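Novice: Input sequences plus hints: build the corresponding full structure.
So the number in my numbering is just where the residue sits in the sequence shown, counting from 1, plus 7.
Please note: incorrect hints may appear among the correct ones.
Claimed, not checked - Here are the simulated SDA-like pairs of lysine to any residue, each with C-alpha atoms no more than 20 Å apart in a straight line:
hint	residue 1	residue 2
1	99	138
2	44	58
3	44	453
4	492	480
Just so you know, the hints here were simulated from the structure itself, not pulled from any lab data.
All figures in this text were calculated on a predicted structure; none of them were measured in a lab.
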Amino acid sequence: MKELKKAANPIGVKGPVLTIVMDGVGLAPEGEGNAVKRAYTPTLDSLMAKYPTVKLKAHGTAVGLPSDDDMGNSEVGHNALGSGQVFAQGAKLVSNSIESGKLFDSDAWKAEVGNVIKNNSTLHFLGLFSDGNVHSHIDHLKALIVRAKADGVHRVRIHILLDGRDVGETSALDYVEPFEAFIAGLRDNDFDIKIASGGGRMKITMDRYEANWAMVELGWKTHVLGEGRQFASAADAIKTYREETHAIDQDLPPFVIAEDGKPAGTVEDGDSVIFYNFRGDRSIEISKAFEAGADFDRFDRVRVPNVAYAGMLEYDGDLHIPSRYLVSPPEITNTMGEYLADTKVAQYAISETQKYGHVTYFWNGNRSGKFSEELETYVEVPSDVVPFEQRPWMKCAEITDKLIEAMKSGKYPCMRVNFPNGDMVGHTGCLEATICSMEALDLQLARLLKVVDELQGVALITADHGNADEMYEVDKKTGEAKKSKDGSFKAKTSHTLNPVPFIIYDNFYTDKYTVKPDCGTFGLSDVAATAVNFLGFEAPDMWDESIITLK
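Specialist: This is the structure in structure tokens:
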């Protein structure tokens, strides 16, 4: 049992302690591309003017990533928020495993390579093709390819998912062209290597939370069956689609590389397939499609090749998806959810489909299910399957409706909610839609805080990383938004390196604690200890410090 110790002088909050995650809402100077500042947000403005507010680090080493040049993301952000600790995360784990050689000594790697050598078959690499370091890194792919050749693999095919979300929105050729030169340098009479297929990450393969299985089906047809529009090269496909559709990279249609009218790299019986993304949320569904048996019913796979499949990491530790993986994920222990369940504190978590897993699975340390069926309630509001810029308000009103009902029930001392608007709409690169998304969110904050006061509760308002705060690429030297040759601003669709707010909304108990000075050292992992202090408990020793000091 992991019970929390009662505080010597508990604050005595009568109502719920509600943690509100405004996904993708960072703190940045005012500017042309700052949708947070440009939106009409009287509630958020009032909060930051009248209530204690500190800046939290939400990227880089503060959330377990390799360096402070690495942008934060929702996965690691919610890991830190929910665990109160910082664990080495996907990118760093994989990099360390490659550098040490541990990955290549693993049974999984040996099984993937051994299968190909035994069958004289093809090793396929499938994943996000960039150095964004949120879901994958192209350097990891290169290292795997180099080692595969050294280990005696003779044929490799790469299936690339174009990014334009965690990197520049039209940067695909900046990765494809150098990569083609890289594999050309490896290619010889004994090593046949080619890009075989691809498409935008928001068009094929990388769905999450089962929001749109049609994306996965389209990816399956493209990568596995070799069905789709054919091109001589990935660069030709990208250039052609840009001219025809004017879409950014993440939205480019799928393509198949062909030779003499035949796909260059379908997946066949006896092949090995490695999905080289390290982040789990957008890796689970394609893994299920490869590993599920005859009872798989999400779409007609037409043909299911008998392959050796592996992921870079284990994407779901409870469901063991995939069954084989190259690098063991971080073991995230002693989370807030587990401690509260063992202390018999009822919890409520809610979001819409796009971020539901973040306030449940990631919040609980990459753990599916609940710590206590009796004490925990999880609510998922189904997301609309439409481009987010078309409905930038998303489901924030419906989430708020259900959350208010749960608050008024009096059943849950500890509650958490994620509003995806700033992140999901921010990723579209559409400034106007993102401004609208922030204004919709602000309306819901006003509704929630009214009920917090009615119940004499406390709200802790924060974010997991930045996004909506920089919708245009910014020149870091001048602080000005960058412009394209035609004079238009260059849209930015990726997360930012900016800090995020942490606001303590409390109109009843301020005499029971003090807020520590903001010296620039606080991070997302400090929120858990703060929350349990408001709930009347001391934080466990292994957690990072609270932002308040009890009197």
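Novice: Need the list of violated hint numbers for this structure, in ascending order.
Specialist: Of the numbered hints given earlier, the structure breaks none, since each of them holds.
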